[in-house]
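Visitor: The lines below spell out each chain.
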Amino acid sequence: MAARDNDAVMSGLAAELARLWRYGLVLSGNRDTAEDLVQATCVRALERSDQFQPGTRLDRWLIAILRSIWLNEVRSRKVRQGQGLVDADAVLVFDGVRETETNIFAAQVLREVQSLPEMQREAVYLVYVEGLTYREAADTLAVPIGTIMSRLAAARARLAGLGPDNGPGEGSSSEDNAGSGR
Amino acid sequence: MAQVKEAAAKTMPVPDDNSMAGIADDDALTAYLDGELDQATRAALEARMLSEPALKVRLDQLARGGRPFGAAYAALLAAAPEAQLQARLADVIAEHRASRGRGNWWRWAIAVAAAIVIFIAGGGAGYLLVPRLSPPAQPGWRQVVAEYQGLMTSETLAAIPDDRSVVAAEVSAAGGKLALALTPDKLALPDADLKRAEILDFRGKPLVQLAYLTPDSGPVALCIIANGRPDEAQAFEMREGFNIVFWTDNGRGYMLIGKAPRDRLEAYAETLAPKV
Chain A
-9 MAARDNDAVM SGLAAELARL WRYGLVLSGN RDTAEDLVQA TCVRALERSD QFQPGTRLDR
51 WLIAILRSIW LNEVRSRKVR QGQGLVDADA VLVFDGVRET ETNIFAAQVL REVQSLPEMQ
111 REAVYLVYVE GLTYREAADT LAVPIGTIMS RLAAARARLA GLGPDNGPGE GSSSEDNAGS
171 GR
Chain B
7 MAQVKEAAAK TMPVPDDNSM AGIADDDALT AYLDGELDQA TRAALEARML SEPALKVRLD
67 QLARGGRPFG AAYAALLAAA PEAQLQARLA DVIAEHRASR GRGNWWRWAI AVAAAIVIFI
127 AGGGAGYLLV PRLSPPAQPG WRQVVAEYQG LMTSETLAAI PDDRSVVAAE VSAAGGKLAL
187 ALTPDKLALP DADLKRAEIL DFRGKPLVQL AYLTPDSGPV ALCIIANGRP DEAQAFEMRE
247 GFNIVFWTDN GRGYMLIGKA PRDRLEAYAE TLAPKV
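Keeping their order, the protein sequence lines are chains A and B.
Take the first sequence: its position 177, counting from 1, is numbered 167 in the working numbering, and each next residue is one higher.
Take the second sequence: its position 23, counting from 1, is numbered 29 in the working numbering, and each next residue is one higher.
None of these hints come from the bench; they were simulated from the model.
For each residue, glycine too, the CB sits at the ideal point set by N, CA and C.
Some clues are possibly wrong.
[Unchecked claim] Some chain B residues flagged as far from chain A (calculated, every beta-carbon gap over 10 Å): (1) 49; (2) 72; (3) 82; (4) 211; (5) 244.
[What the hints assert, rightly or not] The calculated label-pair distances, taken between Cβ atoms and stated as ranges, are: (6) 150/A <-> 171/B: 51 to 57 Å; (7) -3/A <-> 209/B: 29 to 35 Å; (8) 121/A <-> 238/B: 47 to 53 Å; (9) 234/B <-> 40/A: 25 to 31 Å; (10) 54/A <-> 100/B: 21 to 27 Å; (11) 222/B <-> 54/A: 37 to 43 Å; (12) 222/B <-> 98/A: 44 to 50 Å; (13) 56/B <-> -3/A: 50 to 56 Å; (14) 98/A <-> 221/B: 42 to 48 Å; (15) 101/A <-> 69/B: 16 to 22 Å; (16) 43/A <-> 178/B: 45 to 51 Å.
From just these sequences and the hints, can you work out the full model?
Guide: Next up, the structure:
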């Protein structure tokens, strides 16, 4: 049985590589890191293929693995090495996207999403790009489903130009909900 | 979905508006736009919109926050280095198959049989390719280190400027974590530059990685973990495509890991073991 689960993972990986790479790129902002993340994800997936539940979606499972590797291993390492994540975000170059006129709009959408606070961006990516349900996104990010809703609502409000909070008076654009600190 | 319903239902009946209710309405409206509300909650929200024009206005506003996300990101898929990724996957699968067999006895039998065949075919001159028979220590520290090492390239280390005082300070701090008096001199290897000492943590135990760069075999690392295990003689294994020489001494686990050939790593171990 374990061998068959293993086969399902092994044979399914090839079809997921490009999407995993894209997710790695969105997370890390670096093409090479994205490649390394895909490789590490493949290694981990094969090692743990007996944990994959047949009949569930392989792509969701792989996304969760890649994210976990990014958060727990690669990202923390980068931070320790002083390669700030903010830089990585800014450096995100959508090479393939700018080449044609028709892609200008796509590039603009990518920039808009990239300008969102990290947590909103991640929710938007998983739900609106990867097509995860709220439930799946909540499981992947290990947060309550209400949190997914709030992040998406906040992202929509921002993208609609409504400002991060719609409260009376203070329509300023504080980056996140942290206190003003004064 | 039950939770969605709960969250939406909880706030919707609130008659007079305050900012909290407004924020939660945004959540419900977003879930509505995304088709994530169940029938009853959806109907209730639609009914409310009929009597509360502001809610409908807000819905339209939030709808304008939508974008053709899928189409926009599709362009990134086309930019994926598909050939490289497939090649990497092929490597990973090959290595996985090679290292397989630690779990099932029949895989063992096949591995051992194959090794014997290879041994005989090689006229007994080759290495006996039987994997170690030790039980698989669940995802143990050597496995985690090997995965970590897999993300490191020569460029990773080459990018670190050579600064002896910095390395000396790192080494000293790292040694402190392990209750070892480490110095760059003690750690010196003939043909490998000590580039960095990192203090890591493996399940609450201090783990130190001393990263070397070799001119011909890329990164090599000496990793030491204070794990309190009984002494264990030096042994060899392969993981994740790396050669690994490891031993346990005085409550500390050691491993030398890299793409460098086995005999080179064993020579390194011979140099380092008495000093660390």
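Visitor: Hints first: check each against the structure and report whether it holds.
Guide: Each hint tested on the structure:
no.	hint	verdict
1	49	18 Å, holds
2	72	7 Å, violated
3	82	5 Å, violated
4	211	16 Å, holds
5	244	14 Å, holds
6	150/A <-> 171/B: 51 to 57 Å	54 Å, holds
7	-3/A <-> 209/B: 29 to 35 Å	31 Å, holds
8	121/A <-> 238/B: 47 to 53 Å	49 Å, holds
9	234/B <-> 40/A: 25 to 31 Å	30 Å, holds
10	54/A <-> 100/B: 21 to 27 Å	25 Å, holds
11	222/B <-> 54/A: 37 to 43 Å	38 Å, holds
12	222/B <-> 98/A: 44 to 50 Å	47 Å, holds
13	56/B <-> -3/A: 50 to 56 Å	54 Å, holds
14	98/A <-> 221/B: 42 to 48 Å	46 Å, holds
15	101/A <-> 69/B: 16 to 22 Å	21 Å, holds
16	43/A <-> 178/B: 45 to 51 Å	48 Å, holds
Violated hints for the displayed structure, listed by number in ascending order: 2 and 3.
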